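For the protein sequence lines, the chains are U and Y, in the order given. Using this note's numbering, the first residue of the first sequence is number 1, and each one after it goes up by one. Using this note's numbering, the first residue of the second sequence is number 1001, and each one after it goes up by one.
Hints are not guaranteed to be accurate.
[Stated by the list, open to error] Below, in silico cross-link-like pairs of lysine-lysine (DSSO-like), each with a Cα-Cα straight-line distance of 27 Å or less: (1) Y:Lys1052 to U:Lys349; (2) U:Lys351 to Y:Lys1006; (3) U:Lys35 to U:Lys89; (4) Y:Lys1056 to U:Lys338; (5) Y:Lys1047 to Y:Lys1037; (6) U:Lys385 to U:Lys351.
To be clear, the hints were calculated from the coordinates, so they are not data collected in a lab. Predicted model, so just to flag it, every value in this text is computed and none were measured.
Residue strings, one per chain:
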Amino acid sequence: MDTISLFELQTAIKNGINSLFSGKYNIVAEINEIKTNSSGHCYMELVEQDEKSNTPKAKCNAQIWAYTYRMLKPYFETETGRQLESGMKILVSAKVNYHEIYGLSLNIVDIDPTFTIGEIELKRRKTIQKLIEDGVFDINRELEFPILPLNIAVISSETAAGYQDFINQLFDNKYNFNFKTTLFPAIMQGRESESSILNVVDKIYAEIENFDVIAIIRGGGSASDLACFDNYNLAFALAQIPKPIISGIGHDKDISIVDMIANQMQKTPTAAAEFLVDCVAQQYYFLEELSRNLVNNAKIKLQNARLELNNLTIRMKNEAGKKIEKQKNMLELFFSHKFFPITLSKLSKEKMKLDLFQKQIEISNPKNILCKGYAIITKNGKRIKSASEAKSGNCVEITFKNGRKSATIK
Amino acid sequence: MKNQEKTYSETIAEIEAIIAKIESEDPNIDEIDNYIKKATELINICKEKICKTEKKIENIMENTD
Chain U
1 MDTISLFELQ TAIKNGINSL FSGKYNIVAE INEIKTNSSG HCYMELVEQD EKSNTPKAKC
61 NAQIWAYTYR MLKPYFETET GRQLESGMKI LVSAKVNYHE IYGLSLNIVD IDPTFTIGEI
121 ELKRRKTIQK LIEDGVFDIN RELEFPILPL NIAVISSETA AGYQDFINQL FDNKYNFNFK
181 TTLFPAIMQG RESESSILNV VDKIYAEIEN FDVIAIIRGG GSASDLACFD NYNLAFALAQ
241 IPKPIISGIG HDKDISIVDM IANQMQKTPT AAAEFLVDCV AQQYYFLEEL SRNLVNNAKI
301 KLQNARLELN NLTIRMKNEA GKKIEKQKNM LELFFSHKFF PITLSKLSKE KMKLDLFQKQ
361 IEISNPKNIL CKGYAIITKN GKRIKSASEA KSGNCVEITF KNGRKSATIK
Chain Y
1001 MKNQEKTYSE TIAEIEAIIA KIESEDPNID EIDNYIKKAT ELINICKEKI CKTEKKIENI
1061 MENTD
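With the hints as extra help, turn the sequences into a complete structure.
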């Protein structure tokens, strides 16, 4: 059997590859891993994923030597606004390289940033489309923003400048409104941000009824820094929070997908705080005006009531006065035309009656008859009125006008 | 006095009763005397009452003018 040393084999492979793949190739691949060493060389593992199964179907190492990387890195970052990072799809110009020890690798000599921009944009659009198809894209925006957003759950990093700006703007508001904020600290950039924010979302759910709104706050940064806010899983979870979200993610140009699904989007953390203060102020002024109107209306009503009362009092006095006058006149008439005449007439009649009694008494008085020379004959005190009553021998008394005498009937 | 406590109507009724007695019954002279005195007294009381009432009415009439 013919044998060959490993080195000979590797050299033969190397020569073969070099002759077959001598030029540069424009390669589309996804960065699986990327690191830079102390010498400034950049080493990557490139991969191509099977779209259906999402498993790698090809893999290869690649490197950008320091002298090239020194130029490519800033160029790429300026154009795309992002750093080269894992998960990113890139279009590179590379030479195929085979080393006896290190095996196959690609030596990257150039990179096309516009491809990556396109890929990023495509991915964003796909993410948005998927959120729409899943029915979650609009749901947070359909929630009614509270008129008094005083209790706020804040997703942010305590050390971030954006968070401090937000808090300062909120608590130093000129109206002295009392906001209550609860910080749910999370990593707001980089690869760990997705899991970190999803984790705090779970915590927020546990206390969701304590809050009026959820604020997502971070200061300005590069496109790379803000890339996590285009993440599908993050947007999907945040959109479904049953309280309105206000985003204050500092950005210069494009808004993130989280901004799009949020109920209220503000450009910066400060603007987000200002918005919240303005909401409460609006309600405050509305109530002030209501109360002013109430007071004014009450004053007018009272005034009208007073006027009406005055009118009624005047009317009452007039009417009462008229009635009293009428009654007085009627009484006067009654007395002068009826009562007095009738009464006096009655009294007069009574006087005549008494005079009549007097005359009757005088007529009936036997003394008047005696004065005329007549006498009254009585027997045992009883008057003898006829001769037949005077029997012979009866003792009688004869009363004269000036005395009495006894006598016997013969 | 007892008769002054009686009403005017009661006094008139008493006068009428005395007159009836004088006319219909057969009193003796002394009794007649008493009756007449009593009746005259009662008549005077009534007349006085009437005079007083007349004066009062006249006063009222003057005051309401």
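Against the structure, the hints come out as follows:
| no. | hint | result |
| --- | --- | --- |
| 1 | Y:Lys1052 to U:Lys349 | holds, 15 Å |
| 2 | U:Lys351 to Y:Lys1006 | holds, 18 Å |
| 3 | U:Lys35 to U:Lys89 | holds, 16 Å |
| 4 | Y:Lys1056 to U:Lys338 | holds, 16 Å |
| 5 | Y:Lys1047 to Y:Lys1037 | holds, 15 Å |
| 6 | U:Lys385 to U:Lys351 | violated, 35 Å |
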